[in-house]
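Got chain P sorted already, so can you dock chain S onto it with the hints?
In order, the protein sequence lines correspond to chains P and S.
Residue numbering for the first sequence follows my numbering, starting at -2 and increasing by one per position.
Residue numbering for the second sequence follows my numbering, starting at 3 and increasing by one per position.
In case anyone wonders, no lab produced these hints; they're calculated from the structure.
Please note that the accuracy of each hint is not assured.
[Said to hold, decoys possible] As a list, the in silico DSBU-like pairs of lysine-lysine whose alpha-carbon atoms are at most 30 angstroms apart:
no.: 1; chain 1: S; residue 1: K328; chain 2: P; residue 2: K285
no.: 2; chain 1: P; residue 1: K232; chain 2: S; residue 2: K14
no.: 3; chain 1: P; residue 1: K27; chain 2: S; residue 2: K12
no.: 4; chain 1: P; residue 1: K54; chain 2: P; residue 2: K35
no.: 5; chain 1: P; residue 1: K35; chain 2: S; residue 2: K12
no.: 6; chain 1: P; residue 1: K287; chain 2: P; residue 2: K126
no.: 7; chain 1: S; residue 1: K12; chain 2: P; residue 2: K31
no.: 8; chain 1: S; residue 1: K342; chain 2: P; residue 2: K183
no.: 9; chain 1: P; residue 1: K183; chain 2: P; residue 2: K40
[Said to hold, decoys possible] Which bits of chain S does chain P cover? Going by a derived footprint, with three or more residues having C-beta under 8 angstroms, they are:
no.: 10; stretch: 19 to 26
no.: 11; stretch: 401 to 413
All values reported here derive from a predicted model rather than from experimental measurement.
Built from N, CA and C at the ideal position, the CB exists for glycine as well.
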Amino acid sequence: MIATKTIPDFSSPVHVDQVGIEERASRFTKRSIKNETKVNGLKLALNMIDLTTLEGKDTDGKVKQLCYKALHLHDSYPGLPTVAAICVYPSMVKVAKKALGDSGVKVASVATAFPSGQAPRDVKIRDTKYAVQNGADEIDMVISRGKFLQGEYNFVFDEIAAVKEACGEARLKVILETGELVTYDKVRKASDIAMYAGADFIKTSTGKISPAATMPVTLVMLEAIRDFYYKTGKKIAMKPAGGISKSKLALHYLVMLNETLGEGWMNNEWFRFGASSLANDILMQLMKQKTGVYQSANYFSID
Amino acid sequence: MATKKSNTIKLKFDSARSLAPAPESKSAAKIDPQYELFINGKMEKPQSKKYFPTINPATEEKLSMIAEANGADVNKAVTAARNAYAKTWKKMPPAERAKYIYRIARMIQERAREFAIIETLDGGKPIRESRDFDVPTAANHFFYYAGWADKLEYAFPNRRTEPLGVAGQIIPWNFPLLMAAWKIAPALACGNTVVLKPAENTSLTALKLAEIIQEADLPPGVVNIITGAGATGAAIVNHPDINKIAFTGSTEVGKIIQRAIAGTNKKATLELGGKAANIIFDDAPLDQAVEGVINGIFFNQGHVCCAGSRLYVQESVFKEVVRKLKDRLETLIVGDPIDKNTDIGAINSKAQLDIINKYIKIGQQEGAEMYQSSCALPKKGFFCRPTIFTNVAQSNRIAQEEIFGPVLAIQSFRTDDEVIEKANNTPYGLSAGVWTDKGSKIFNMTTKLRAGVVWANTFNKFDPGSPFGGYKESGYGREGGVHGLNAYVNIV
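Next up, chain P with everything else stripped away, as it sits in the complex (with noise of 0.2 angstroms):
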């Protein structure tokens, strides 16, 4: 699978530096983005929402209304996109893939032993082969933060390609969980094993952890697909997830991804928002852009 590729020595030093990321992430929020660019936008990013319910009182009702609101985001207004995914446990794979049937909306499910990831590799394989197997598009997986940040890069690699290969047909989604990697160096470093390891998506986060998603550590996993791109020329797709909730963020968001990958990225192949209530805060500017005027959350239903 990575057979043509040269994987870099991993105990080498990385280098991204604090200020610079940080002030190049808080750039692409001085764009201003209005009219028809801010429409397209919105929509654009609706239809990036991988639509997520991951608690422990999930129930099929649940996930069956949450599947029916990812098809009809809002009624009212002709013309939406669907999300691009919901994201769900295994255990409610089978019941996400009946409710979307062939819609195209997928069904992403997290596995390893999600969020901590500490279980051993054969549990995290079972679970992995099991939503698989209940017909889940696309994984989510945790790498082992506790081995990646003793230094163990070695079987944090092979665990991911381990994943890789239980996924089959399904993409794999690697979430570093940066909230606990700390410094951009280490997200850096994590990222690009992730992708020689075989990630079709890397991910920052699992939602349960704070902080979240932000800019910079999103730019910064961003340049690393870029790098890997220009090394390998394949490209491989992002996702930063939790803490993304409104639409002047996503949008910056967008610009950020627009700037630093290009058009390539712009669709939801390669890229996701790991959200479960920004949504209705696009649909809530969409309907402002088109009336005028704001509505009460209370017409927008909640799932």
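Chain S only, in chain P's frame:
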């Protein structure tokens, strides 16, 4: 095989550049059809009876008519400054002087939006820069030096200071308001009075500042702002009752000034040209370094005396850096400076655009490889695509002479000693940049680079508390910080 393939990979950024227009509203800025000279607290008609137009370089439309001060006007302004110095300002308790300077700072903040818009209309710089950099930094300079006015004994421990008298100040067109602030604030704090001349292309914000100074009730004559071109400047420099010349501009004019004041007892600070080396080592955070290079050379269309116009890249990362630079170049939005999304605005004047184009031609004739962004340029106005040259030799003119535009000359190097030698191999010495993750290397470089400012892992950062000035033909004297006070006092 892998490298060959990767060279053909290119990212696409067309949509990143084609955002819906987001112009700043011009209605917040009031520009009069004609401006007079600000002398002795009043707007006075010029004795020359002459006016010249000032235009918007992005549209070539006339904005206003500006008075041209002749020798008699200069004399009037210097007399007003001398009277104000002797009768009021010199005698005023320093804490009282500080109050006026604070007031000016606050009033700039209150009218920040108006200043930003006018700065952009008159000079061509992107509104994002005038809004986020020029105007707030100008206000900060007044705040900073207001604080020093009654604390000079701490700046010069165990010494007594006295003001110099009347300062003649001549400023350039690249940062009109900010340079006015750099000049006026420390002069006033130390007890001097001022005759200031903005550049003829960009007089408007200085004249707006005159309005603020009037409203702030500064005693008449303490600050006089007169407009005009080189002849007006020469009249200031040669006026016998001026005690100090502060000049920011070209090295050529700096030399003329130095000749003119030789044999007089006028003091001078000169902040002149530059050809800064920006140095990227192979252990640098490359993406941030590329961003710093972009900021270093394309900030304010490259109209920056400390612009990082020479880039030195260690050979082991040369290809990678150049490729990243080219992709980054493609995302820069060149266009109407009043649009909030514009990264690179208009070249300040037709004359400057001609100079830049001349150097671009020279670079190509010298055999350097040119790369320009593929962006479209507006039909009207003075615009230049961001340009980089590779395959440049130290002996090329584009690597030696100041271009003062968005043109970068890139060379490679192998060792630390080699790059120090190359970086110092210039008549200039205003600034330099070093990009490496290794702290010890930073200190080694900063002690050996002969430049007034050396930035490490950043570029074009300014703070009122930090001194700024040159080595060699980049001038002498420091502006900003405690050092900046030195230029406006006699230590007795």
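Under the constraints set out in the numbered hints, which ones does this structure not fulfil?
1, 4, 6, 8, 9, 11
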